[in-house]
Amino acid sequence: MNLLHVLKRHWCLAAVAFTAAVFSFDALWIPVKAEIAQHLLERAWLRTLAGEPDAKPWPWADTRAVAILEVPRLGLREIVLEGSSGRNLAFGPTLVNTGRIEQSSDRVISGHRDTHFSFLKKLQTGDLLRLHTPRGTRDYRVRWQQAVDSRKQSLLIDDAVERLTLLTCYPFDAPFPGGPLRWVVTALPVS
Amino acid sequence: MSKPMNIDSHNHLQRVESIRDQLEQQARRQSPELVRRMAHRRAAAEYRPRSRNDSSRQVRNWRDRTLLTLIGLLLLLFVIRTETAIADQPAWGLQLFSDAAVFTELAVDTDIQLDITGLVARVEITQRFTNHGTEWSEGVYRFPLPDDAAVDRLRIKVGERVLEGEIQVKEDARQTYEAARDAGQTATIVEQQRRNQFETRLANIGPGEVVEIRIGFLHNVSYSNFSYHLRLPMTFTPRFEPGRQAENRHSDGAPQPYLLPAMLSNGHHLKLHATLVSAAELTAIESRYHDVDIRQAGNGYTIDLLNPDELSDRDFELSWTPALQSRPSASLTTYDDGESVYALLMLAPPLAESITPRPREVILIIDTSGSMQGTSLSQAKSALLHAMNSLDAEDYFNLLQFNSTTEQLFDRSVPVSGDSLLKARRFIGKLHADGGTEMAPALSAALHLPEIPQLMRQVIFVTDGAVGNESELLQQVARELGGSRMFTVAIGHAPNSWFMRKTAEIGRGSYVHIGDPEEVAERMSALWGRIKLPALKDICVDWGDGAEFYPEVIPDLYAGEPLWLLARLRTGPTMIGLCGEFNGEDWNLNVNGWDAVSSDPGDDNLARLWARKKIEALEDGLMFGADPELTKLEITGVALDYGLLTRHTSLVAVDRTPRRRHDELLATTDVPSLLPAGSATRLAGYPQTATGWLAQLLLSLFVLLLATAMLLFSSSRLPMTKPAVRAT
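In order, the protein sequence lines correspond to chains Y and G. The first sequence begins at 1 in this note's numbering and counts up one residue at a time. The second sequence begins at 1 in this note's numbering and counts up one residue at a time.
Do not rely on the hints blindly, as some may be mistaken.
Calculated cross-link-like contacts (lysine-lysine; reagent style DSBU-like; alpha-carbon spacing at most 30 Å) [what the hints assert, rightly or not]:
{"no.": "1", "chain 1": "Y", "residue 1": "Lys56", "chain 2": "G", "residue 2": "Lys381"}
{"no.": "2", "chain 1": "G", "residue 1": "Lys430", "chain 2": "Y", "residue 2": "Lys56"}
{"no.": "3", "chain 1": "Y", "residue 1": "Lys33", "chain 2": "G", "residue 2": "Lys632"}
{"no.": "4", "chain 1": "G", "residue 1": "Lys423", "chain 2": "G", "residue 2": "Lys532"}
{"no.": "5", "chain 1": "G", "residue 1": "Lys157", "chain 2": "G", "residue 2": "Lys381"}
{"no.": "6", "chain 1": "G", "residue 1": "Lys423", "chain 2": "G", "residue 2": "Lys381"}
Simulated restraints, written as ranges between beta carbons of each label pair [claimed, not checked]:
{"no.": "7", "chain 1": "Y", "residue 1": "Ala174", "chain 2": "G", "residue 2": "Arg425", "range": "40 to 46 Å"}
{"no.": "8", "chain 1": "G", "residue 1": "Asp641", "chain 2": "Y", "residue 2": "Pro180", "range": "48 to 54 Å"}
{"no.": "9", "chain 1": "G", "residue 1": "Arg425", "chain 2": "Y", "residue 2": "Pro175", "range": "39 to 45 Å"}
Derived list of chain G stretches under chain Y, where covered just means 3 residues or more per stretch with a C-beta under 8 Å from a C-beta of chain Y [to be verified]:
{"no.": "10", "segment": "431 to 444"}
{"no.": "11", "segment": "705 to 712"}
Think of the hints as simulated: they come from the structure by calculation, not from any bench. Glycine residues also receive a C-beta, built at the ideal position from the N, C-alpha and C atoms.
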């Protein structure tokens, strides 16, 4: 009764507290969702491997699991989705190329710098990246890492080259999203 | 209250030694009880005003301020959230710039020779570059070409040497090139992997050397709004190729091969000379972006740029307008190479006024899958609304939306009325993008709606085409189309345009792309204006025995847009029979072979254009389950026969004399972007790849904590203040 009275008297403060609570849950939901989605995707990936052509992670999904990215040194494993829309990025790293992953050799994968691709800042030149696709496994070694300005340059995808490019926002620890800089990690296949 | 107030004022005046003070002091001395009471009251009086006027006000101010700050912070959070939401939108995904797949260090000089004969343009672009570095270099040169260009010539001039390119199978060509490069010979290769995306590599350019590259291609002239157009893309987009910059920056003094960028050069001039020969009478010739000098010469015209120092920073577009007739007409061009006869038949639509508009049944399908979320959906919505406004009173219409499931507005198409339009607008207003892309049931539903007698069904399909099962969908359209026509409206920056164009081709309709919200009205009006007036329906062409012709599915002829039909015939045509439906009546036309304009011997442009169409058809066949290996062989065969650059053949030229000594390093050997490579280059945008959840979490937790603390603080203070309030 006392609390109720307080809330009534200070409804303005209470509203602020409530909204703040909603926002913090909303914020917390992002990494939680990112994590949960990866688990759901694991099942879709198994179905993809089993040969299902369009294995959707959940019935209403507008994407599918196309590959698995592994970083053995960091013990990381991420399921890569098709189509880099904002919505897909919430669930996992995404393949920027259009068309099927089997048809591309210059593969570009992007991810959020504060969820799935936060490990990019720990990546070192020479690190091994392993990409599993339904067609098999390919090993890449990181050769270059650099920041680029997305306003000034577009990304060139050249399917005549075998290459794996990881993309995320830069700087890694900027508090707010939406900056123009991108961190680009280029890896070439290990022959 | 008046009495204590009196005493109060006495107290206040105490410091001033007045007669009254003296009297008071006297009274105090006489009565100790009065002193005690006065002291009590004074204390109370002194305490109260302070607590009421200063302290409590301060507390309130402090609270108000904090509250305001908190609200401010919340607003900030809100702004950040919307900011992220917006930042997500600008069409990202893959941006394909078909004409600008293309970046190049701009040439110093560009020289263009254009020969337009009838509907075919032969274009030769010569560009000169200088190696301003101090090392021997390998240069990569990418160039833009108009859609459906058939590349067949390459000539390189390095110093005094002239190298002519020859068509070879792609792998052979690459080997030839690499061997020559490593042997220090000047060599060049032009490769293609996707349509309109070409790349030239040039090995062993000496320091300070000038290189001249000439590329020749054939191109169909386009026609719209009653004029012919020829557009040559010349502007270039800067690009980023991963790895390259890092290499330049970090490697110790590794030389950077480059062809001089235009910005730094003194001259980067454009010279253009064009000849135009047309069988039809022309009413106007116009260059859209450049000043030109037009002269009549022989049986045609010559066009030259007026400004000799014209910069090559914008596209060149030439248009010319023929005189039109009131009935559909046809013109025939042929070329005989001794073995076969190649024929190009153009069907020109009549003037718009001579076509009677007839009511139609318009079915609009909109894709509301997750990939359409954001600007794509709002563009699609406004395109739909635009279509609603353009319907005629006698038309029937229906609306379908699909994501994981399909929903249709009316069970069967309804006449246009205030009521039905209102329902449709409400339906459109409520659309939101979510879920998967189950396209097949939607197409099926639209094509199987109960037919309305006497009306032509036009299906307008609005989508970004983000599907994986393209070939099944195309087969479905081919199977279920019946008498309907299918028009596709591609939405967004990176739609699956191949799929959309093919759907329209099979659906005997046309394709339009809306990339920008500003383009909605313009593009939709253009589409509408065209499909409103079908001039000639159900066209059939009788070429004679053994003819191989393209396109295989002949679309309708619409006002303002002619049709081109290319065929290879066994013998010269005597008579080509055309039939169709014009204004609801049967229409027939016989084109006499003797009336054909025949190309000069050696002018094999028609043969190459035909070959180009054949290759395109072969490539499309892959989507319908053709055997990839067999198709590759067939394409290679056609390309080698007709000397065309394709996905499987390249143009290569090698100078037999080595020029670079072995101890001189070729500058590019270490540059990763110059791996022996093809040209399937595309430009992609960068996704927005940060959620900012941590900042949001910290900020909102901070607000939450402060607000809660304040709530607790006020609740713990309340019991103390309340009795005090009650006491007074």
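Tested hints:
1. For the hint pairing lysine 56 (chain Y) with lysine 381 (chain G), the CA-to-CA distance comes to about 27 Å; that is within 30 Å, so the pair holds.
2. Straight-line distance between C-alpha atoms of lysine 430 (chain G) and lysine 56 (chain Y) comes to about 26 Å, which keeps the hinted pair within the 30 Å bound.
3. A C-alpha spacing of about 46 Å is found between lysine 33 (chain Y) and lysine 632 (chain G), which places the hinted pair above 30 Å, so the restraint is violated.
4. In summary, the hint linking lysine 423 (chain G) to lysine 532 (chain G) is supported, as the alpha carbons are separated by about 23 Å, within the 30 Å threshold.
5. Restraint check: the Cα-Cα separation between lysine 157 (chain G) and lysine 381 (chain G) comes to about 54 Å, which exceeds 30 Å; the hinted pair is violated.
6. Taken as a hint, the lysine 423 (chain G) and lysine 381 (chain G) pair is honoured in the structure, with Cα atoms around 14 Å apart against an allowance of 30 Å.
7. Taking the beta carbon of each, alanine 174 (chain Y) and arginine 425 (chain G) are about 43 Å apart, inside 40 to 46 Å as hinted.
8. In this structure the hint that aspartate 641 (chain G) and proline 180 (chain Y) lie 48 to 54 Å apart at CB holds, the actual value being about 50 Å.
9. The beta-carbon spacing between arginine 425 (chain G) and proline 175 (chain Y), approximately 43 Å, falls within the hinted interval of 39 to 45 Å.
10. For the segment 431 to 444 of chain G, the proposed coverage by chain Y is satisfied: 4 residues have a C-beta within less than 8 Å of a C-beta in that chain, meeting the threshold of three.
11. Counting residues of the segment 705 to 712 of chain G whose C-beta lies closer than 8 Å to any C-beta of chain Y gives 4; at least three are required, and the coverage claim holds.
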